[in-house]
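Q: Spelled out, the chains give:
Number of protein chains: 2
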Amino acid sequence: MNHFDQDRHSALQAKQEAQRIAFGPFVFQASKALRDLGVLRAIEAAGDDGLALEEIVERVGLSTYAVRVLAEAGLGIGSLVLKQDRFVLSKLGWYLLNDPMTQVNMDFTHDVNYKGLFHLQESLVEGRPAGLKEIAPGSRTVYEALATLPGHIRESWFRFDHYYSDNSFQSVLPLIFSEPVASILDVGANTGKWAIACANHAPDVRVTMCDLPGQLAQARVHVDARGFGDRVAEHPIDILRPELPLPGGHDVIWMSQFLDCFSEDEIVMVLEKAARVMTPRTRLYIMETYWDRQRFENAAFCLQQTSLYFTCIANGNSQMYHSSVLHRCIERAGLAVAEEVDGVGISHTVTKVVKRQQDAACAA
Amino acid sequence: MNHFDQDRHSALQAKQEAQRIAFGPFVFQASKALRDLGVLRAIEAAGDDGLALEEIVERVGLSTYAVRVLAEAGLGIGSLVLKQDRFVLSKLGWYLLNDPMTQVNMDFTHDVNYKGLFHLQESLVEGRPAGLKEIAPGSRTVYEALATLPGHIRESWFRFDHYYSDNSFQSVLPLIFSEPVASILDVGANTGKWAIACANHAPDVRVTMCDLPGQLAQARVHVDARGFGDRVAEHPIDILRPELPLPGGHDVIWMSQFLDCFSEDEIVMVLEKAARVMTPRTRLYIMETYWDRQRFENAAFCLQQTSLYFTCIANGNSQMYHSSVLHRCIERAGLAVAEEVDGVGISHTVTKVVKRQQDAACAA
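Those protein sequence lines, which keep their order, are chains A and B.
For what it's worth, full-length UniProt numbering labels the leading residue of the first sequence as 1, then goes sequentially.
For what it's worth, full-length UniProt numbering labels the leading residue of the second sequence as 1, then goes sequentially.
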């Protein structure tokens, strides 16, 4: 799907949009302040009548000056409307205040990315996440720093990560379990959410979680708390160390929002590790968000911008990929796409991958 | 003029715009990187044919990965268009690359404001420019730090400051000199641009520049370089010290983009200082940019966002005002508006202020 084959602005609109971009960091921080300092909430509560400036001041306990610069910024941003000297919440203001996706995106941008994005050009030129030092000095990737990030930053990271995958898990479980599944290898187990979802969905299935040791320790706590400890095993692994194999013997290998954390060459290496333990019957399911597979342009936009989080903060070399890049990696690893379903959950694609026919024949 | 009395979005548009805001810092930094790293320029040079990804890589000397994440971000932003796998510059891309106003705004945002805006909420709550420490640690206001800011930051500050006033000077000179003027008091002389413009415009006029000593030293260099040293005098003053008067005896007092640097109470104090040295014949001209006097909504938008620069970086208590606020200050200082002209230069209003009739009568 190409949402991007047309110039969408007139010359006048383009000039206006250029200024909105040039002042984008102002717009972002003003919008967040309007939300966090209670201004939008107070105005929402006043309904269609809205509030005069001094009425907002009384309700939020800031100075007249502070409320005035914020509320006036809100007019230009479009989150507030001014009717007979009274500020009224617009639809945009409502979304900034109440929409969970907007909240998750905004907090992720501010807490995890804002400071680091200042170093975007350095990251691009040097091929390393030069912005990471702003939240995790001394770390090479965000993944090794995750467990020790300051609480509010870690929370914004996980809320962003989970917001997009949680909705997809329920839709994808019937797909995975449409064939008999005795055991699943969960590569990139994260907090154990997928392992728990599987154990909950199928009373007999066994899951092996693969991840870095620190991450597995956290996942273990969640799994045990849900009472699935006896059916969920662990396999600690630094997947990027070429000499460390994946464990074999599973019917299904699962990689959800995992491969986007790696460069193309690394993805091929990970897929080759999977290929080495796959039989002709093994199904590898890859769940990813591809910007070219989005029904809505806005979803593609969010993914394209999120790529720069990988550039600047996460690892310096991965992204939210175009599906053709992943397909090329699958091919290079000696695997083949058997089936692909778009539109899973909010924005996911699930790809069922198997050994290539001739390779499978050789192994048999 | 109220550009802001209507909700401008449908629900769907509002949700989309909310995500553009939530990812605004990504959009800003990606746009700046696309500009600064030569990607937009290379694509522009290819005209309507555009460039394939690998062709951009060859031309700009970045990795395929770096060009890909940037160019794909550009698609969502709308600065690039994708036609048959070739990237083409859009009108928005053209403005981001070539429009001087966009360049000035973007550099001002990045160099002066970006890091500091992280501290916007702190600034609003505490009434001080909490973001200033990011570019001038230890300074209370940006004005006292101006002369010692790092070169590229100072340059972006002055380019922003001058971009908007330079065009206005030529339009406003005939207005000021429509009556006989022997001497002008230039309050807030900045780099001496106005003094030079006046000396250049009227061969006999004498100008007294008022500003902080450090600023006057720089202004003096510029004035002397233009050969106007004998007609331009100096009066060093920290205008915020209540006990320090302005010098008297001038036909015209000039304050250009000066009062927006102060809080309402401070503005009244400054205007009272002017009032004390004004006779019934003295004209005080105030040139300011008021967001409510803009013909174009986009100009109002830029001013409303710029207010947050004052909140967060400059001094913590001033802004780009609504004209009614300035009018109230003029009234409180015992002065009166005699005449007002909107639409001067890019976005200025010139207000001719005189002593109020009864006050003038008392003084006479």
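Simulated from the structure, these hints should not be mistaken for lab results.
Here the structure is a predicted model, which is why all the values come from computation and not from measurement.
Treat each hint with caution, since some may be false.
The list treats identical chains as one, so a pair stands whether inside a single copy or across any two.
What the hints assert, rightly or not - Under the rule of at most 20 Å between Cα atoms (straight-line distance), these lysine to any residue pairs were calculated in the SDA-like manner:
no., residue 1, residue 2
1, K133, H110
2, K352, G248
3, K115, P137
4, K115, S63
5, K15, D36
6, K15, N98
7, K83, S324
8, K83, R293
9, K115, A136
10, K115, T282
11, K193, P213
12, K15, D224
13, K115, I153
14, K352, E340
15, K352, F177
16, K15, D99
17, K83, F177
18, K133, R41
19, K83, N298
20, K83, F158
21, K83, R8
22, K115, K133
23, K115, E134
24, K15, R35
25, K83, P236
26, K15, R41
27, K193, R86
Q: For each hint, tell me whether it holds in the structure or not.
A: Verification of the hints:
{"no.": "1", "hint": "K133 x H110", "in the structure": "both (15 Å within a copy, 19 Å between copies)"}
{"no.": "2", "hint": "K352 x G248", "in the structure": "within (18 Å within a copy, 84 Å between copies)"}
{"no.": "3", "hint": "K115 x P137", "in the structure": "both (13 Å within a copy, 17 Å between copies)"}
{"no.": "4", "hint": "K115 x S63", "in the structure": "neither (27 Å within a copy, 24 Å between copies)"}
{"no.": "5", "hint": "K15 x D36", "in the structure": "between (31 Å within a copy, 19 Å between copies)"}
{"no.": "6", "hint": "K15 x N98", "in the structure": "between (30 Å within a copy, 11 Å between copies)"}
{"no.": "7", "hint": "K83 x S324", "in the structure": "between (50 Å within a copy, 16 Å between copies)"}
{"no.": "8", "hint": "K83 x R293", "in the structure": "between (42 Å within a copy, 17 Å between copies)"}
{"no.": "9", "hint": "K115 x A136", "in the structure": "both (12 Å within a copy, 17 Å between copies)"}
{"no.": "10", "hint": "K115 x T282", "in the structure": "neither (44 Å within a copy, 50 Å between copies)"}
{"no.": "11", "hint": "K193 x P213", "in the structure": "within (16 Å within a copy, 64 Å between copies)"}
{"no.": "12", "hint": "K15 x D224", "in the structure": "neither (56 Å within a copy, 39 Å between copies)"}
{"no.": "13", "hint": "K115 x I153", "in the structure": "both (12 Å within a copy, 17 Å between copies)"}
{"no.": "14", "hint": "K352 x E340", "in the structure": "within (6 Å within a copy, 71 Å between copies)"}
{"no.": "15", "hint": "K352 x F177", "in the structure": "within (12 Å within a copy, 79 Å between copies)"}
{"no.": "16", "hint": "K15 x D99", "in the structure": "between (29 Å within a copy, 8 Å between copies)"}
{"no.": "17", "hint": "K83 x F177", "in the structure": "neither (56 Å within a copy, 40 Å between copies)"}
{"no.": "18", "hint": "K133 x R41", "in the structure": "neither (34 Å within a copy, 31 Å between copies)"}
{"no.": "19", "hint": "K83 x N298", "in the structure": "between (30 Å within a copy, 19 Å between copies)"}
{"no.": "20", "hint": "K83 x F158", "in the structure": "neither (40 Å within a copy, 36 Å between copies)"}
{"no.": "21", "hint": "K83 x R8", "in the structure": "between (31 Å within a copy, 13 Å between copies)"}
{"no.": "22", "hint": "K115 x K133", "in the structure": "both (9 Å within a copy, 14 Å between copies)"}
{"no.": "23", "hint": "K115 x E134", "in the structure": "both (6 Å within a copy, 11 Å between copies)"}
{"no.": "24", "hint": "K15 x R35", "in the structure": "between (28 Å within a copy, 16 Å between copies)"}
{"no.": "25", "hint": "K83 x P236", "in the structure": "neither (60 Å within a copy, 45 Å between copies)"}
{"no.": "26", "hint": "K15 x R41", "in the structure": "between (32 Å within a copy, 18 Å between copies)"}
{"no.": "27", "hint": "K193 x R86", "in the structure": "neither (47 Å within a copy, 40 Å between copies)"}
When each numbered hint is compared with the structure, violations occur for hints 4, 10, 12, 17, 18, 20, 25 and 27.
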